[in-house]
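K.L.:
Assemble the whole structure, with the sequences as input and the hints as a guide.
One line per chain: the protein sequences are A and B, in this order. Residue numbers are given in this note's numbering: position 68 of the first sequence equals residue 68, and the series is strictly consecutive. For this note's numbering, count along the second sequence from 1 and bump the result up by 111.
Calculated directly from the structure, the hints in this document are not laboratory data. The reader is advised that the hints may include incorrect statements.
[Unchecked claim] Stretch by stretch, here's where chain A covers chain B in the computed footprint (C-beta under 8 Å, at least three residues):
{"hint": "1", "stretch": "140-152"}
{"hint": "2", "stretch": "155-163"}
{"hint": "3", "stretch": "215-225"}
[To be verified] Which chain A residues face chain B? A few, computed with CB under 7 Å, are given here:
{"hint": "4", "residue": "E99"}
{"hint": "5", "residue": "F102"}
{"hint": "6", "residue": "G105"}
Fair warning: this is a prediction, and the values are worked out from it, not measured in the lab. All residues carry an ideal CB built from backbone N, CA and C; glycine is no exception.
This is what each chain is made of:
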Amino acid sequence: SQTIHQWPATLVQPVGSPLSLECTVEGTSNPNLYWYRQAAGRGLQLLFYSVGIGQISSEVPQNLSASRPQDRQFILSSKKLLLSDSGFYLCAWSIQDNEQFFGPGTRLTVL
Amino acid sequence: KQEVTQIPAALSVPEGENLVLNCSFTDSAIYNLQWFRQDPGKGLTSLLLIQSSQREQTSGRLNASLDKSSGRSTLYIAASQPGDSATYLCAVKVGRGSTLGRLYFGRGTQLTVWP
Numbered sequence: 001s002q003t004i005h006q007w008p009a010t011l012v013q014p015v016g017s018p019l020s021l022e023c024t025v026e027g028t029s030n031p032n033l034y035w036y037r038q039a040a041g042r043g044l045q046l047l048f049y050s051v052g053i054g055q056i057s058s059e060v061p062q063n064l065s066a067s068r069p070q071d072r073q074f075i076l077s078s079k080k081l082l083l084s085d086s087g088f089y090l091c092a093w094s095i096q097d098n099e100q101f102f103g104p105g106t107r108l109t110v111l
Numbered sequence: 112k113q114e115v116t117q118i119p120a121a122l123s124v125p126e127g128e129n130l131v132l133n134c135s136f137t138d139s140a141i142y143n144l145q146w147f148r149q150d151p152g153k154g155l156t157s158l159l160l161i162q163s164s165q166r167e168q169t170s171g172r173l174n175a176s177l178d179k180s181s182g183r184s185t186l187y188i189a190a191s192q193p194g195d196s197a198t199y200l201c202a203v204k205v206g207r208g209s210t211l212g213r214l215y216f217g218r219g220t221q222l223t224v225w226p
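P.N.:
As structure tokens, this is what we get:
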């Protein structure tokens, strides 16, 4: 069966510090991968998606970037965090355009 | 741009009631529609997926319907239980354009079922 992991589960970082969140998927090959952010009082916002290694599409201009160094690994990064980057970050996978499955999320607080 | 609206935003009911959660979307050219459950501080759990060619899907006490032409979906929960308390999210996947595969989410219905 397929599983999706995210770490860390929670993170508290000062403004201006770097960020690296990791997502890995097990039990499937060549998944589509997605990063979402869920901010307080707002809905889920798609940040990035990837259909293959090294292929990243950005949905909104922002302070973040994403990379996919391996087939089942998706990384969300920032060089300098802003207060507005606080939120709940969710990684998801799907096979082509079918059902999406989400990871447990990372709670990021920027102080 | 696809917009997804969920009504009501919050719902509080006694155990045993049958419930209907509503979801509407502005662009009927969808690929599929997915209902999720989110517990506080947790990720999303997929409940039901309805393809654009389908009218409903059932899983246990859950039944989701889709009326693509009117841009509506409902999630029916039978015989609600306290364990059903969570936020329920509706999401549609667009079926055209460069963002094929993107899910558009509603803001959810926060459900509380009390004993």
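K.L.:
Does each hint fit the structure? Answer for all of them.
P.N.:
Verification of the supplied hints:
{"no.": "1", "hint": "140-152", "verdict": "holds (count 5)"}
{"no.": "2", "hint": "155-163", "verdict": "holds (count 4)"}
{"no.": "3", "hint": "215-225", "verdict": "holds (count 4)"}
{"no.": "4", "hint": "E99", "verdict": "holds (5 Å)"}
{"no.": "5", "hint": "F102", "verdict": "holds (4 Å)"}
{"no.": "6", "hint": "G105", "verdict": "holds (5 Å)"}
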